[in-house]
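**Student:** Dock chain one against chain two, each of which comes alone in its own frame, and use the hints as you go.
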Amino acid sequence: MNDMTPITTTLKDWETDQEVRWCPGCGDYAILKAVQRTLPQIGADPAKTVFVSGIGCSSRFPYYVESYGFHTIHGRAPAFATGIKLANPELDVWLVTGDGDGLSIGGNHLMHVLRRNVNVQIMLFNNEIYGLTKGQASPTSRLGTTTPSTPQGSVDRPAQPCAFALGSGARFVARGFDVSKHLPDVLKAAHAHQGAAFIEIFQNCIVYNKDVFNDFAAPKGAEDRQLWLTDGEPMLFAGGTKGIALDHETLSLQVVDVADGDWQAAGVIVHNVRNRAIAHMLVEMPFGAFPMALGVLYDDPRPTFEGAVIEQNSRASEGRDASLAKLLAKGQTWTVTGTAADPV
Amino acid sequence: MATLAAEQSAESQVQEAAPEAVVVRFAGDSGDGMQLTGGQFTLSTALAGNDLATFPDFPAEIRAPQGTLFGVSAFQINFGSTEIDTAGDTPDVLVAMNPAALKVNLAALKPGGLIIADTGEFTQRNLDKAKYTSNPIEDGSLAKWDVLAFDISALTVEAVKPFGLGNKDALRCKNMWTLGLALWMFDRDRQPIVDWLKAKFKGKPEIAEANIAALNAGHAYGETAELSGPLRKLTIAPVESEPGLYRTITGAESVSLGLVAGAQLADLPMFFGGYPITPASAILHHLARLKEFGVTTFQAEDEIAAICSAIGASYAGQLGVTSSSGPGIALKTEAMGLAIMTELPLVIVNSQRGGPSTGLPTKTEQSDLYQAVYGRNGDAPMPVIAARSPADAFEVAIEACRIAVQYMTPVMLLTDGYIANAAEPWKVPDPASYAPFPATFLTEKNAGERLLPYKRDAKGARAWIKPGTPGLMHRIGGIEKHAETGNIDYSPSNHQAMTDARKAKIDNIVVPDQEVCLGEDTGRLAVVGWGSTFGPIHQAVRRARRKGLPVSHVHVRHVWPLPKNLGALLAGFDRVLVPEMNTGQFKTVLRDQFLIDAESLTKTSGQPFSIAELEAAIGTYFDGIPDNEGGEVPANPAQLPVAESGYDDGSLKAVNP
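So the protein sequences, as listed, match chains A and B.
Quick note: the first sequence uses our numbering, first residue 1223, plus one each step.
Quick note: the second sequence uses our numbering, first residue 755, plus one each step.
Only chain B is shown next, with the shape it has when bound in the complex (with noise of 0.2 Å):
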């Protein structure tokens, strides 16, 4: 446990002149390829030691039209030598590929920040589609920030031209030559990426290399313009961080390894299927390659079927995994009861993002707690436990697999669109570090001559019995079912002992006691949280306490059933605040179990809660000025995503008020 006066001790130590840490945000068309070259950044981020977090922001529309506000697409990264959280709160660096690019962006740089132009694409054209009336870059708009603007488009021709590519063509490799220029700018190796691409191209070697000249044609106009201005180069040392084998690694990746791993650890081949839904296709699309490791992957024709079939797989003796997101798991609702009741594990998984309805399918948002816990006719409970990081998504897909399996249930694991799509340096673990849980089978009669199916063990898990097994043969449904034969039966007593069966089998879920992972264990102040919200809390409780507040920061992993020690742990502090983006589901869930006064901070607009935002509510609690605690943070237009992105109507009005 970390002591305040340590930490204001290192608070001190630290050196003003080294920066540590640089947000970057790279700008432009969504055909402009900014998640490439954020991508490639990061790798070579990460392999310069520092520690990252990355946030890609993309339209919904597959391809906007070209130049417009609503067609911008970006991808941001915080990196730095210390412990990096979050994506980061405003950017130090802004690439901007057009005008349009520059527009939505340009709220977020801090003030002094850098402006990166191509003037390439400056044009009347593409100043008229941005709705903007005159060039910012003449027009002296852009005081407040130092502006680097040159013709990046013909740089970037004129560095290609001996491997003769179309104009066009030539005109796509702009992206490596921006990437050259911020890796000479941050003092980055470039064979890595020489390397990426030449794998990438393999079949079309003068694309390549065409790729390869323009990303050295970046690095080098850095090198020797000898820029006297604005650009120069930064040196951020390297992170301390343990020894051994690292890799980035996004949401969708982490949960998709950590249930290939869950399904060894516990001996079965596994089963998924799964309808496309934004975000969490790439999970589907992960698996899909994985087939060596026993897994079958199932393109279902809805969201219905998709679970069915999961269902249908356990029951068959795998193990049966969907995955889905806010409206399609509320499709998927029935069929969980289903699972509930016949007593079959299965996992779900939940990409969250911003509903009700159809919501904002490509922004992160927490509000399907509720439904997880909750959401189903009848009382039907279901564990529910949720990732607060692209790494952490592996262990908790791996915790899913464990529970489904060991109690015999369905369980929902939470990510969102945050998770998903965030990439985060990831230390490889070693898969024989964790303990099996090999699922057993029953083979023969389990009561003398007698066969019940819904006999329980100590654990209160009904034996899970494959079809195929000689002898074995009975009938399961969803039909309330006698307690023990599993045949159906209505009567009162049993339905009554069935349903406290079902609950006292989810309540009782071995669980891990609740540590507190910043801070004291009692105190004025417990900063509680859930999911994704861990980044920015941390960093704010850090910034907190280094300023001497009595602050902790406890995480919660296990939704439901909650851990035992959760109500006594936060009886201990003066005050619990609680930041969900979504208006207060998990407060409330606390609120009922314990009793206690959960005060919400929300934040409901597609974006994830700034480091400062997060700040900024703790020191309502030390401030002296009373009942100005809680609330609700607006929109932010300084933060991914980027505030208007989804309106082309030039005014962005909640950008310059």
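Isolated chain A (complex conformation) (with noise of 0.2 Å):
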């Protein structure tokens, strides 16, 4: 996020003229409505709005976008991103990647944006699949995955992006997904995050993952399945009859009932986003023993790194003569006048 003035645009006036290629039904149409949506209301300005991505299905998102877009090269994104800002820190820069794009081929670079700090927006599709070529195994795919490429089912074990986002470092890591109403607040917060804002966005690849995620997505017993995080309030799904308390003895989450309302009797722990030690839990958080937490998981602001390289830069240039012709004559030279040579 940068300090800018907001200005007043629609939803429609970040729409391009570009044909959307998805597949209809693919959840990438309800995530770009979500970010055309989410524009508007943090004041964006289309002109100092750009959006980065590497290669895959996700990546096409920029091209829908009526700001600056960048379509990169595969897993590289996050490079091209940290230069932009470094060239420009008053760009606001959208970086849209995928579980392949971002976590297989440009693992290395996530890890390195993270770890840094540039001040962008990471939305990470996960849709636990490589869409664009055709259905293969991805490094985020469940084990046991039958696809072209593993017909007898993967036996690779998963990634999981928001502990690999924390793991290398992110000061924000949210999760939500696709066709959820509470999207948009997610991405505002990860705006308002000065520094690397990580987001898993689950995505629904209709056609080669298809539904991979509805047993806690379906909005049928979504309440029971979604633990939904806000900073300050007790963590309670199942229409508040059930919380996530700490096992003091083993140092564990667990699910507790709650009785009557009564979250503090059962040990319901307060979310605190600048809790990095619950957080690493929450991003470990098994999925069907426990519901599926969302939201703000983590936020805990440090200095970007765009702020510090520009910081030493001006200091580094601090009193020093940047006249070119005085650098060409630096260190040890000598005159030549006919023949000899004098030090000077």
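Be aware that one or more of the hints could be misleading.
Claimed, not checked - Restricting the straight-line Cα-Cα distance to at most 27 Å, the calculated cross-link-like pairs of lysine-lysine (DSSO-like) are:
{"id": "1", "chain 1": "B", "residue 1": "K952", "chain 2": "A", "residue 2": "K1548"}
{"id": "2", "chain 1": "B", "residue 1": "K958", "chain 2": "A", "residue 2": "K1552"}
{"id": "3", "chain 1": "B", "residue 1": "K952", "chain 2": "B", "residue 2": "K922"}
{"id": "4", "chain 1": "A", "residue 1": "K1552", "chain 2": "B", "residue 2": "K1199"}
Simulated from the structure, these hints should not be mistaken for laboratory data.
It should be emphasised that the depicted structure is a prediction, and the values quoted were computed from it without experimental measurement.
**Tutor:** What follows is the structure in structure tokens.
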């Protein structure tokens, strides 16, 4: 996010004249709408907004947002974004990546953009599959996923995007899913965060991995399977009848029943977005035994990378003469007059 | 243009008595400070008004085990009262700080040359490490050279005694003692070295004083020892050079300064994305200290991120630059394609080294030419220009910036390990003497009410549009795009048109006509070079011409696109010889582009060509023996890099067959 004068726009202002080329019913449409709904709400200026992406279905995103957009190469969007922010920190940069782009070919760059804390919003669309290349297993595919490249089922363990982000040093980690009505709020929180903000967005690939998130994303029974986190609020779900507590003996999370709304008696934890230890537990909380943790899991800003670079550059330049003629003539020199040389 | 007759009469006036040039090689353990000694000797040589060229050679290992053959580090300098273009073929003087240094470098020494050896290091242990079965200083095996052997270690320890250093620290001053002796031999002023030592050890005055005492003691040894034997004072007359202010410069410094100058001429801040790699890292190090010139340096997580961040910065309106060496350039390849596709300016510096793969990280080669000109997926044309010497790299870096900005294209600048590390005197240019080429950015729609990001100017370049500019929002990317709007367009006619447009833009880059740098514009033989072979080719052609051979030297800076007149120029010669430190890559390009029968002379031993090798190759065109022209120059054990310094089996097969 950047401090800039808010601009008045509408959702329509963020639509381009390009035909959207995702499969009908793809979760990407919902995410695009959520973003186009969020941008006016945060007062974003199309001229100062840049969407940068890698390769994959998700990475077509920039073509559909009426701002500046750079569709780069596979996995490297974080590196382009870093160069853009160092060259012009005034720009508001959104990164669009996927589970293959961001965690497979681009895992290294994702780690470093988070570790450095470049002030960008990173939306990782996780559909647990390679869509654009027609359905191979991705680094987030669950064990046993049957695809053309894993006809007998995948045997490699999936990566956990939010755990990866936190482990890489991210200072903002959030989760949402494509059709969730809360997604704009998550995006707004990410934008408000100064520094690298990582958002895992579960996205339904209608063709190659259809409804794989239905066990928590389907409207029916969502209450029991989604834990929406709010800073300062108790971690309650299932209509307030259940909560998340800390088992002090094993130092692990547990689901507890809440009787008569007395969550305090049940030992339910109050969410503190600055608590890194609890954040580590939330990102690893296994779905099934637990609900899916959604919303802002962690948010504790630190100074940004580009801020530090610019400050150091200006300190290093302080009082130094930027004369090229002097620079070229630096060091030990001598003057030739005729044939004799004299040290200068 | 020089004429043969004038050159031959100049030759007859050369006096035989005073040496025109001297080659000195300092060799020691990689911990002995030989590169430092060489560097300071270079400075004193420059101050004495000699022309010079140097070549440092160091092991790939940072600290190889002490005293071993593969831990030998050497520095060679060629200096003289005439124009010097190479570090010299064979040394006249070899300073050997230990048995390993003697063994590895001995074969290079001219018969009758002088060996200066530190007997203090010729212990049984060190002789064993160097695989000597007997002490060469005592067993008569050095009879064909002059030997001056004395205990430099002990003399140094004695000289620095008053400063109370431990034995280890005291011995570290040995290189300054040796330098002092060398300064005496060539009648050099010690004061600049004294000043440098004082500045270097500002916080440790006792170390500075000890080193100065060692320097003075070495000098005094030459002065007072009255050695009747081989040690004698030589005065090399200053070279006649153009009046002006001079300094010494390495290729890495020169590229860095040229990039800073280029960015200023383009009126742009510079963004440099780099990743550590030998021998390119020095450019990152230099630029990291020049922040006041609007330079941002970024050490990325890998080579790919280095170039991608630079492209990102160019996209955002700065001059993006990245730098690497062969294997790192290979990693950047896909991103170069994106810069070509999105038509953004970018300078890519490739300090070539021996390949393929990791190859020879610290040795020189010119084998990335195909990679530079052809090495990308798709039809991906990109300009390539090559520096011929450390000083020339300054001009070439400015030229790379100019082409990148004016034509909205990535440009590859080729140097190599030799140019990056070698030093030569440089007449400091006046920045005001270069024509500025300020970048312009589009600030309003360029087609009435419409924005056409890929609309081209007369040069074929599209407009540069900075994100942040109101009203000019647009999308770019690596997918084929419509010839005007830049929107995704896979249609057959559009891809054809865009492929043609990208090619035409690069083909039509205006490059200066090719000139002949020595000799006539037509004749029996043209020796055509590019890059760091300039020095040895130039000297070899000069020598051949002094013998009356009708040879010309043509040296190409613009490797791609080639100068428009080059084909016609080369067609004016009966034969064309292309010496290259690869298996004949530029030869192939010339044959392809001009249908001329260019012949190859190749050398791929990680060593530069020696003048003698090229002189011999030129001779084959005039000796009347059919079909002996061109071919391959074998590894030369008498030349830096030291012959078998990569091995420690003690056999030095190539040196003592």
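**Student:** Next step is simple, just say for each hint if it's right about the structure.
**Tutor:** Hint-by-hint comparison with the structure:
1. K952/B <-> K1548/A: holds, 23 Å
2. K958/B <-> K1552/A: holds, 24 Å
3. K952/B <-> K922/B: holds, 21 Å
4. K1552/A <-> K1199/B: violated, 45 Å
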